[in-house]
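**Q** Take a look at the letters that make up each chain.
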Amino acid sequence: MMEKIRKKLSATGREEIVGKREHVAKRREEIVGKREHVATGREEIVGKRERIKKGENREGIALEREEIVGKRETVATGREEIVGKREHVAKRREETDERYKVLFTFSKDAIMTLEPPNWKFTSGNDSAIKIFNVKDEKEFISLGPVDLSPEKQPDGQLSSIKAKKMIEKAMKEGSSFFEWTHMRYGDGDFPATVLLSRVEEEGRIYLQATVRDITAQKRAEKDLEKSEEKLKMIADNISDVLLSYDMAHHLVYANSAIERLTGYTLSEIMDFKPNDNRLMIYINPDDNKKITAKWNECISKRDLKTSTSEFRILTKNKETKWISASYGSVYDESKKQTGVYVVYHDITQRKEAEEKIKKQVEQLKELDIAKTDFMNIVSHELKTPLTAIYANLELLEEIKTKLSEKNINNLNALRRNSNQLRFLVDNILEIARIQSNKFELNISKIDLENCISSIVNDLKILSDKKNIKLIVEIDKPINMSTDSIRLTEILNNLIDNAIKFTEEGYVKIKAIKQDDSVLVEVTDTGIGIPEDKISKLFEKFYQIYTPLKSEVGGTGLGLAITKQLVELLGGKINLKSELGKGSTFYFTLPIRYKEEVKK
Amino acid sequence: MKKILYVEDHRDTAEAVKQMLEDAGYEVEISFCGADGLEKTHKKQFDLVLLDVMLPDMSGWDIFKTLSSKKYDSKYAFLSVIPISTERMKEFKKVGISDYITKPFTKKDLVERVKKILK
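Chains as they are written, first to last, in numbering that gives the first Met the number 0: chain V, 0 to 598; chain L, 0 to 118.
Keep in mind that the hints were calculated from the coordinates and are not lab data.
This structure is a prediction, so every number in the text was calculated from the model and none was measured.
Every residue gets a Cβ at the ideal spot worked out from N, C-alpha and C, and that includes glycine.
A hint or two may mislead.
Covered by chain V, per the in silico footprint, the following chain L stretches (three or more residues, Cβ under 8 Å) [stated by the list, open to error]:
no.: 1; segment: 7-13
no.: 2; segment: 16-30
no.: 3; segment: 80-89
no.: 4; segment: 101-107
Result set (DSS-like, lysine-lysine): computed pairs, CA atoms no more than 30 Å apart in a straight line [to be verified]:
no.: 5; chain 1: V; residue 1: Lys593; chain 2: L; residue 2: Lys89
no.: 6; chain 1: V; residue 1: Lys465; chain 2: L; residue 2: Lys107
no.: 7; chain 1: V; residue 1: Lys399; chain 2: L; residue 2: Lys107
no.: 8; chain 1: L; residue 1: Lys106; chain 2: V; residue 2: Lys464
no.: 9; chain 1: V; residue 1: Lys464; chain 2: V; residue 2: Lys401
Just chain L, same shape as in the assembly (with noise of 0.2 Å):
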């Protein structure tokens, strides 16, 4: 079973994304700050660490490239509410970001785009 972290302060937001996954048969942990969320990668492998963008402690793109740096073996994704544009979007694959899901969200989306950068 693919392991996912999801990083996100919104509780209530982070709860019903990790049953969505659950439901499609990932196993998910979720963290509601960024100190919690790299807390938990020093204890466990996961395969896919998504991370909202505006944390209370840190923003996702600080995680990112910590983790990243530590070269921690994993995929990255963003979920957040501010959309980018395409050439961003490029410029996020090249240093290993696999995607960026624009805030809301259907579950039929999330899902799909989870399983294309786990497949």
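Just chain V, with the same shape it has in the complex (with noise of 0.2 Å):
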């Protein structure tokens, strides 16, 4: 770019020193071509006089001397006008080469002739004097351009024998420009420019020459020759990639991670023409049409700060990666959009891990869709005969006053049976519900204290009925953070099963805060559990044999579903027990339920 620049700024300072020379040589023409004119004028007096003189006819003597007097005047007038012409003609030439000296003078530039055949200078303005680091015009003219340049230049040539060609250029050709490390006297190096130009004047053939120190352009080049490395430096060892497009989509520039990315290399992508079937080399044909609604967006979208689109490519290797590509536009110093950048960011293992997290969650999902269809079908088919049997039981027990007592009894026996076997599908539904993780727990604020009131209000026409007392011993008010309807669960069936095993005495519910924590005792006076069969209590579907069984009742499930309950709940659950004289159930729960206490 800067080259670019740099030259077209010295062809333009070429072409304005070539274009005042040009008007100098015309100048010059029109007065010669003047002063023929006054030459041919003189001629042809100068015949008249002569013949004249040879004495032919004097009446047309006579005639002729009147021609001769008018063209007399005639020259005379002529000789006036060439005159003023000349006079024109030398104030111009003045005025030219007062414009000359001073271009000459005051140019920044170094302009000096140098003659053949030694082809020293022979003259230096100002500039030259000052560039070079000579003391005077006249140490100058002792110099050639050979003094003034380093013993070779830098393409290795040496420099007389460069000199030299350049020289000859410039005679034969006229002119000659280029680039010329020159050597301030006594002094270092400096780059410059330079341009020979043949001049004749007055059957004097010599060279002018003009340098321009291009030092600083030079450092700035070499500046941004640096910058320009430095960012290419940053944006080949970036791992993203980045692409421009002119606005006809042809790519201008990508750094070398695309290499790296797709596996072609840079002249590959560059110089692969785009087809119906690909856009690019690596692209894989299936995001075409995604990617040319982008480009359209790109292009057609005034303003498009930054635009993203995620597709894949087709790696020279086979190999489909992932892309997330982002946009943005690219405009000139009038705010007019140029084209387009493209930044690549490898999104494969991104999308690779996404995809099998998808995978999983849906492995997972259909997995927890079967438990619950699995729960749901299980539910509804125990439960839907079940509703039909309580609802006709129902319309039954409505006209028992109509039956016999035999009846009676059969209606009781359906009754009791029926109880029994909803409790049963009830039981194993929730503890089934508790295995599957299905189980969600809601976790409120609760006074323990009132907890244990309700229950006890509830369960108090079974105790009364067997005439058992119900003492609840609180020390003091216990607020905890659990689950409320799992709580009331729990307590439910141990302060149950204490009043259905105990014929006489009591039942006590004790609660003991401890630190963090509280402790649950429900104890009875009943008929106590052998120690053997302790370790089995809370195992599923395991039920002591009791002679009051029939009367009892139970599934087997109420002790599993209560351990667990209090496992889920954060806590544990154990037992005393003495045959013959009672037992004692007690539990732990943490006063403030932790999710990752369940875990």
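Please dock the two separately framed chains into a single complex, following the hints provided.
**A** Spelled out as structure tokens, the structure:
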């Protein structure tokens, strides 16, 4: 870029100089033309005088004399005109010379002349003196170009040989323009441009040289090159791909990351001619439409801030990679969009991880749905006939009074066993639900005393029937954060069991606060549990044989459910028992339920 | 007399519920599948449509969606063995489901809740 601009600038300068020279040459021709005209007039007069001298025809002579006088006058007029013109031309010349002198003197470029055969300098302007670090023009004209050049030029040629070539070229072609490394007199080198022009003046042929110090320009170029190099290095070292397109979707720039990403070389990518099938050599044809749509958006949307899209590419090794591309507009100085830049970020790993997770989630979901479906189906299949039994039983019970005692017993048996079946179904479904992890806890703040009191109130009917005392012992208010429904279920199961297996005496519920947990004990004065059976008590469907069974009922699931609920709430349950004397079931629960406790 | 349509594929349940509601003074029609239930709504205007959730041809939910999208002017309630959370019930109320009765239920409970819906 800089190179181009520089050349263009120098060319303009040269045109100006050439133009001015042509103008001076034209003026000279004009003056020469006028001189010739005056000369012709003189020749005519001289011719006529000679004829008069020879004494030819007097009348004719008289006539001719008049003519001659007339002509003389004309010639005189012509002469005056010529003199006028000459003065004008001289003035013009003076003006031109003056202008040239000003240009020559004050030009920032070093201007000098050098003449054959030894091509020493014959003149030099102030800038030449200054640029080449010589004392004065006198010293300057003692030197030649080779004296003010290093031994060798950057291309390795000897300055003396190369200078000769350049001079020859200018002499042959009229001018020559080139870069040259000059040397300040007794000082360092500096880069320059040199324009040599052949000048022919009054039989003299010499060269005029215009030398421009381009140190600053070279430095700027070098700085630019350096910063460009730096940018290129950065661009080539980042893992993301940088691309730049013109408005016709031609790739104008790509960093080397594109090679690493696609496996194609930069030239393979640049030289690829887009076809209907493929927009770019590495694009997955399935995503052509997507990319085309995005491109159209990029070139039609005003103020495209950033826009992204995700698509696949196909590497040279036929490997599919996922790309997240960001797009932005490139503008010129007048804010006119001149292109689009694109940044590719390889998101293959992320996409693969996403796909994997998606698959896993789908699998899990399927499993989950199957689980809930199964649970729902079992629940539905078991409860539907139960609903019918209950509804019809209820309708029959309405006419109980019209039945015989025997039939009433039949109806009672139906009711008892329906209850048993319903209890069993409810318990089985409950335990299955707990184990399916479909179980959701509903944590809220509760007052333990209130909770126990309401359960005791509900169960009082049963204890009163058996004349058993229900005692509640809570030392101080205990505020908990837990699932109140589940806690109620736990307490209800334990207290209900205690009442069931106690014939006389009491059932005592005691709650003790300990640090960040609470200990709840349910003690009865019931039949007690043999020591060897204690460990099996919380197992599913385990029931101790008891002569009271038919009366007491139960599914063998109650304690298993209770244990699981306690554990779900982050606690532990156990018991101590003495056969014939009674049992104490006790459990602990954290006062504040924490999610991680469950895990 | 208020008219109730009960869509329930379990015939014994359907007949018993019909009897219970008729005893309570309602006019009750029963359908054993979703298609028949929808057909009946074309012929008659019911004040309450009671829906079982799992039906052989479609779900009770589908019937509700079909009828409510047609702006069929009636109350809706589900009778189901599947318990639901209170949050879910709130969502149901928002879309126009008056109640959700868990099976099995007692006659008393059923009649009271139907009465409340049709009040």
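**Q** Run every hint past the structure and note whether it holds.
**A** Here is how each hint holds up against the structure:
Closer than 8 Å: that is the beta-carbon criterion, and the segment 7-13 of chain L has 3 residues meeting it against chain V, so the requirement of 3 holds. Only residues whose beta carbon comes within less than 8 Å of a beta carbon in chain V count, and the segment 16-30 of chain L has 3; three or more means the coverage holds. Under the rule that three or more residues need a Cβ within less than 8 Å of chain V, the assignment of the segment 80-89 of chain L holds, with 3 such residues. Residue count for the segment 101-107 of chain L with a Cβ under 8 Å from a Cβ of chain V: 5. That meets the three needed, and the coverage hint holds.
Distance hint between lysine 593(V) and lysine 89(L) is fulfilled; the C-alpha atoms sit about 27 Å from each other, no more than 30 Å. For the given pair, lysine 465(V) sits about 29 Å from lysine 107(L) by alpha-carbon distance, which is consistent with the 30 Å threshold. Proposed proximity of lysine 399(V) and lysine 107(L) is supported: the alpha carbons are some 17 Å apart, at most 30 Å. Among the hinted pairs, lysine 106(L) with lysine 464(V) is consistent with the structure: their alpha-carbon atoms are about 27 Å apart, no more than 30 Å.
Simply put, lysine 464(V) and lysine 401(V) have alpha-carbon atoms about 29 Å apart, close enough for the 30 Å limit, and the pair holds.
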